[in-house]
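Chemist: Here is what each chain is made of, one letter per residue.
Protein chains: 2
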Amino acid sequence: MNPGFIEHIGIAVKSLEQAIPLYEKLLGLKCYAIEEVLDQKVKTAFFKLGQTKIELIEPIDVTSPIAKFIEKRGEGLHHIAFAVDGLEHKLSEAESQGVSLIDKKPRKGAEGLDIAFLHPSSTMGVLMEFCEKKE
Amino acid sequence: MNPGFIEHIGIAVKSLEQAIPLYEKLLGLKCYAIEEVLDQKVKTAFFKLGQTKIELIEPIDVTSPIAKFIEKRGEGLHHIAFAVDGLEHKLSEAESQGVSLIDKKPRKGAEGLDIAFLHPSSTMGVLMEFCEKKE
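Chains as they are written, first to last, in my numbering: chain Y, -13 to 121; chain B, -13 to 121.
In short, the hints are calculated from the structure, not lab data. Be a bit skeptical, because a hint or two may be false.
[As the list claims (entries may be wrong)] No farther apart than 30 Å at their CA atoms in a straight line, the calculated lysine-lysine pairs in the DSS-like style are these:
1. Y/Lys58 to Y/Lys11
2. Y/Lys11 to B/Lys120
3. Y/Lys119 to B/Lys34
4. B/Lys90 to Y/Lys120
5. Y/Lys54 to B/Lys119
6. B/Lys91 to Y/Lys34
7. Y/Lys11 to B/Lys119
8. Y/Lys34 to Y/Lys58
9. B/Lys58 to Y/Lys91
10. B/Lys90 to Y/Lys16
11. B/Lys54 to Y/Lys91
12. B/Lys90 to B/Lys27
13. Y/Lys94 to B/Lys90
14. Y/Lys120 to Y/Lys94
15. Y/Lys58 to B/Lys0
16. Y/Lys27 to B/Lys58
17. B/Lys120 to B/Lys90
18. B/Lys119 to Y/Lys120
19. B/Lys91 to Y/Lys16
20. Y/Lys34 to Y/Lys0
21. Y/Lys119 to B/Lys16
22. B/Lys54 to Y/Lys90
23. Y/Lys90 to B/Lys91
24. B/Lys91 to Y/Lys58
25. Y/Lys0 to B/Lys120
26. B/Lys91 to Y/Lys94
27. B/Lys11 to B/Lys0
28. Y/Lys58 to Y/Lys90
29. B/Lys34 to Y/Lys11
30. Y/Lys90 to B/Lys16
31. Y/Lys11 to B/Lys0
32. B/Lys120 to Y/Lys34
33. Y/Lys11 to B/Lys11
34. B/Lys0 to Y/Lys54
[Said to hold, decoys possible] Label pairs and their in silico Cβ distance ranges:
35. Y/His105 to B/Lys16: 18 to 28 Å
36. B/Lys90 to Y/Ile88: 16 to 26 Å
37. B/Ser107 to Y/Glu81: 32 to 42 Å
38. B/Leu87 to Y/Gln4: 29 to 39 Å
39. Y/Glu81 to B/Glu81: 40 to 50 Å
40. B/Val48 to Y/Gly(-10): 18 to 28 Å
Model, not experiment: these values are computed from the prediction. Cβ atoms here follow ideal geometry from the backbone N, Cα and C, with glycine treated the same way.
Chain Y extracted, bound-state conformation (with noise of 0.2 Å):
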């Protein structure tokens, strides 16, 4: 099983007005997309960086899972994606090898993919995110 590429790195921030600018002007790149996802009650702001994007996530609501995060942990990396071909397959095969898994079954994330969450108890503390793009 291999990825192939990291899709992107998520990054849980407490303003996306604060965020965007300051992240434009260390990236040398301009915000790309705003999207909210509602499933998740966050609003992100995406950034492209060669083969990888740069997500930023904002909490919309209090009982946003990233609401949540920021609470414990302040602001700061969230989650790693990486892009997969078969997404439900890799999911059985991981979940064979003993990781745990937060999303059985794939659902929809931002930018129309399909994702997945990993346990991070089973990964050295990373929230893994599989992810795929279907045409």
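We have chain Y already, so just place chain B on it with the hints.
Modeler: Frame of chain Y, contents of chain B only:
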């Protein structure tokens, strides 16, 4: 200023011996190098995934910054490193934009790179590294 691509993502782990086989299974890749960085009192293991490396980092001494990170926050995502051209210039530029620097001058990191860290207090809680490969 455009860093170009994400050179690597650093992940703090307690034990490379446990983490390497897990990441080899999960990523479907072989660890291609293990290196000690005595300056930081760490041992690092590298995987290559497209343009970006995954760097697992184990502290080899309780006074290592990575030991302190794990003690405070547990294992997990530690930093994100951007490949840049003209590292010293990029550092001055970031500083002039109001970013605090951990390293005002480049120093030697793993894999022969010149590296410098920015302070997470200036970057929404994300520990960022700029790095440059000098041939």
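Chemist: Could you run down the list of hints and mark each one as holding or not?
Modeler: Consistency of the hints with the structure:
no.: 1; hint: Y/Lys58 to Y/Lys11; in the structure: holds (28 Å)
no.: 2; hint: Y/Lys11 to B/Lys120; in the structure: holds (24 Å)
no.: 3; hint: Y/Lys119 to B/Lys34; in the structure: holds (22 Å)
no.: 4; hint: B/Lys90 to Y/Lys120; in the structure: violated (45 Å)
no.: 5; hint: Y/Lys54 to B/Lys119; in the structure: violated (38 Å)
no.: 6; hint: B/Lys91 to Y/Lys34; in the structure: holds (27 Å)
no.: 7; hint: Y/Lys11 to B/Lys119; in the structure: holds (22 Å)
no.: 8; hint: Y/Lys34 to Y/Lys58; in the structure: holds (28 Å)
no.: 9; hint: B/Lys58 to Y/Lys91; in the structure: violated (33 Å)
no.: 10; hint: B/Lys90 to Y/Lys16; in the structure: holds (26 Å)
no.: 11; hint: B/Lys54 to Y/Lys91; in the structure: violated (37 Å)
no.: 12; hint: B/Lys90 to B/Lys27; in the structure: holds (20 Å)
no.: 13; hint: Y/Lys94 to B/Lys90; in the structure: violated (43 Å)
no.: 14; hint: Y/Lys120 to Y/Lys94; in the structure: holds (11 Å)
no.: 15; hint: Y/Lys58 to B/Lys0; in the structure: holds (21 Å)
no.: 16; hint: Y/Lys27 to B/Lys58; in the structure: holds (28 Å)
no.: 17; hint: B/Lys120 to B/Lys90; in the structure: holds (18 Å)
no.: 18; hint: B/Lys119 to Y/Lys120; in the structure: violated (36 Å)
no.: 19; hint: B/Lys91 to Y/Lys16; in the structure: holds (27 Å)
no.: 20; hint: Y/Lys34 to Y/Lys0; in the structure: holds (21 Å)
no.: 21; hint: Y/Lys119 to B/Lys16; in the structure: holds (25 Å)
no.: 22; hint: B/Lys54 to Y/Lys90; in the structure: violated (34 Å)
no.: 23; hint: Y/Lys90 to B/Lys91; in the structure: violated (47 Å)
no.: 24; hint: B/Lys91 to Y/Lys58; in the structure: violated (33 Å)
no.: 25; hint: Y/Lys0 to B/Lys120; in the structure: violated (37 Å)
no.: 26; hint: B/Lys91 to Y/Lys94; in the structure: violated (44 Å)
no.: 27; hint: B/Lys11 to B/Lys0; in the structure: holds (18 Å)
no.: 28; hint: Y/Lys58 to Y/Lys90; in the structure: holds (25 Å)
no.: 29; hint: B/Lys34 to Y/Lys11; in the structure: holds (28 Å)
no.: 30; hint: Y/Lys90 to B/Lys16; in the structure: holds (26 Å)
no.: 31; hint: Y/Lys11 to B/Lys0; in the structure: violated (34 Å)
no.: 32; hint: B/Lys120 to Y/Lys34; in the structure: holds (25 Å)
no.: 33; hint: Y/Lys11 to B/Lys11; in the structure: violated (37 Å)
no.: 34; hint: B/Lys0 to Y/Lys54; in the structure: holds (25 Å)
no.: 35; hint: Y/His105 to B/Lys16: 18 to 28 Å; in the structure: holds (24 Å)
no.: 36; hint: B/Lys90 to Y/Ile88: 16 to 26 Å; in the structure: violated (41 Å)
no.: 37; hint: B/Ser107 to Y/Glu81: 32 to 42 Å; in the structure: holds (39 Å)
no.: 38; hint: B/Leu87 to Y/Gln4: 29 to 39 Å; in the structure: violated (20 Å)
no.: 39; hint: Y/Glu81 to B/Glu81: 40 to 50 Å; in the structure: holds (47 Å)
no.: 40; hint: B/Val48 to Y/Gly(-10): 18 to 28 Å; in the structure: violated (38 Å)
Checked against the numbered hints listed earlier, the structure breaks hints 4, 5, 9, 11, 13, 18, 22, 23, 24, 25, 26, 31, 33, 36, 38, 40; every other hint is satisfied.
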